[in-house]
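Spelled out, the chains give:
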Amino acid sequence: MSAAIAPEPVVDAADATPSGGKAKRVKKRLTSRTATFFAIVIAALWTIPTFGLFVSSFRPDTDIANSGWWTIFTNPSFTLDNYTAVFSESGASSASLGVYFINSIVITLPATVFPITLALMAAYAFAWIPFRGSSWIFVLVFALQIVPLQMALIPLLKIFNYPWLDIGGTFPAVWIAHTIFALPLEIFLLHNFISEIPRDVMEAARVDGANHAQIFRRVVIPLSVPAIASVAIFQFLWVWNDLLVALVFSGGTVRTAPVTQRIAEFAGTRGNDWELLTAAAFVGTIVPLIVFFSLQRYFVRGLLAGSTKG
Amino acid sequence: MTSLAGVAQGALRMEGFWTEQSPKLGFAAIAIVVFLAVMGLVMFLADNAPRKGRDVIQLLLFVLPAMLLLAAGMIWPALSTMWQSVTSKAGEFVGLDNFVTIFTDPTGQVVLRNTLLWVVFVPTISTVVGLAYALFIDRAKGERILKSLVFMPMAISFVGASIIWGFMYTYRSEGFPQIGLLNQILVWIGLSPYQFVETPPWNTFFLLVVMAWIQTGFAMVVLSAAIKGVPAEIVEAAELDGASAWQRFKNVTLPWIRGSLVVVVTTITISTLKVFDIVRTMTGGQYNTSVVANEMYTRAFRLGQPEIGAALAVVLFILVLPIVIYNIRVLRQHKETH
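Protein sequences appear in the order of chains G and U. Numbered per our numbering, the first sequence spans residues 1 to 310. Numbered per our numbering, the second sequence spans residues 1 to 338.
I should point out that these hints are in silico values taken from the structure, not numbers from a laboratory. There's no promise every hint is true.
[Claimed, not checked] Below, a list of computed lysine-lysine pairs in the DSS-like style, where the Cα atoms sit at most 30 Å apart:
#1 U:K89 x U:K274
#2 U:K141 x U:K24
#3 U:K250 x U:K141
#4 U:K250 x U:K228
#5 U:K24 x G:K158
#6 G:K158 x U:K274
#7 G:K158 x U:K89
This is chain G alone, in the form it adopts within the complex (with noise of 0.2 Å):
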């Protein structure tokens, strides 16, 4: 899946044929002109309304109630205000979104890096340690990522507010959530990577006298950080956007609530301020853009080993 994104060809094969006569070459160029055309009106389908909203989430908030964003060709008028009435204290139902951001964050790395640390080790053991039952187990595994996560929600949730354990509506609740629902997928992926590492380099840590927790840390890790940077990403994208699992296992307070969960809230309560749910939304939506374009061909990869998760 490397190959998603390709480089550009050299030359067009088409136009490189002796046979291509003139009648021929007017009809490419029509059918590529239609072609063209019709790529272009998907390009702005798919980015206009993105465009909308960001553009919109700079207008004074008289201008958005008032008329359309496109307007701001003929009458250009912006302003940073509703970014600071979102970030400010006082405002909507009092707490700022940057609390929420702040909990988005704190919620996303302990859940990016847990279920990839008891992966990497799980995979280890599935492709090289030999024990019997070992396929049959990964199998297992494997079959779990059939289950939709809604199939895990309530008991969960029961466990989770057990008296011995009563960890309902705080971080640790959704960190142990997001990892549990993440390590079959993960453990499966490193485990593909894993396993193709050569056995000689294996054969050649072991006749060092290298035991396995060695031979992990030393030549397991710092080979497979590629499909580890691919798996964390996509984990990373997929706790920070996640809607479902914060609902469920958040509590919704101000104290453990992700941006998510707060513009989903902010939609069914205030759903005609505009100004402020598009200011909101550009938040929310921002870090997984910079993750997007900066790390565009870990993501691609990680995102078509993931699409089914969930």
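The hints should help you fit chain U onto chain G, whose structure is shown.
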């Protein structure tokens, strides 16, 4: 300038903000450090395990943490949900009563109908548009950028996409200035503004368009890679035989990328069945727009009907199961042949 002053004021208030928020960040940092320390300890134990039975001890230390979490957090909960789906709220076995409720009550039927519409239209729209776009921009100048434009919605959260489209669909009564682009277009061409999100039955269609908008990028990237894999000689040969662009597509490209097409359609179908956030954010399931994934959440966590929620989760599982199995089989064949 006023806004700059506002930002400056905000920055001054930030001090209080940070004293309140930094403990949380500290908590996350400590959690990560403690976790990694524990894992380091596990490694240390594995290193220094008694020579006798070292392999077994190391194995257990490596796999047990993940396996215990999966057993407690997925296997047991899934079984428990299945059991809950055939019991009443009081915990007595009631057979398939909860499923009968879902399939017979009017709300339940609307939910199932909507889910069917999502599953039919989202994969179709995304795949057709994604494939068309991939073909149109194949070898075009600036292909990478053109791809990024359509792929970008995949980075945005479903919640963010819902807000973006909610804004596109915004409705103002006739005679008032429209602020949603789609209603403005209706007004421009002389029609009355329309309540896209609030008017059943078509509103379901306008909601599922958001999912299609997101998934098109996925379809496009995968299919574009597949198209690039079609050998140039075959295409050229077809061209020399005088095959038109459409014939070349139908007889050469399409058969060649069939495997990728199936993977794309099934993958999007699975994601579509599971998606919850769009309906939740755009309507909360009102105006007859709910789907199984959203209804499950509403029943279990909002309406206090966990047994119906459990049954809906099982319905979802049963719907997803055959597609996932098919998806995996195709994916495997695909890998073997390529």
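Tested hints:
Straight-line distance between C-alpha atoms of U:K89 and U:K274 comes to about 25 Å, which keeps the hinted pair within the 30 Å bound. A threshold of 30 Å between alpha carbons decides the hint, and for U:K141 with U:K24 the separation of about 48 Å lies outside it, so the pair is violated. For the hint pairing U:K250 with U:K141, the CA-to-CA distance comes to about 24 Å; that is within 30 Å, so the pair holds. Between the alpha carbons of U:K250 and U:K228 the distance comes to roughly 16 Å, so the proposed pair stays at or under 30 Å and holds.
For the given pair, U:K24 sits about 25 Å from G:K158 by alpha-carbon distance, which is consistent with the 30 Å threshold. Of the supplied pair hints, the one linking G:K158 and U:K274 holds, its CA atoms being roughly 22 Å apart against a limit of 30 Å. Proximity of G:K158 to U:K89 is assessed by CA-CA distance (about 15 Å); at most 30 Å being required, the pair is judged to hold.
Taken one by one, the earlier hints fail for this structure only at number 2.
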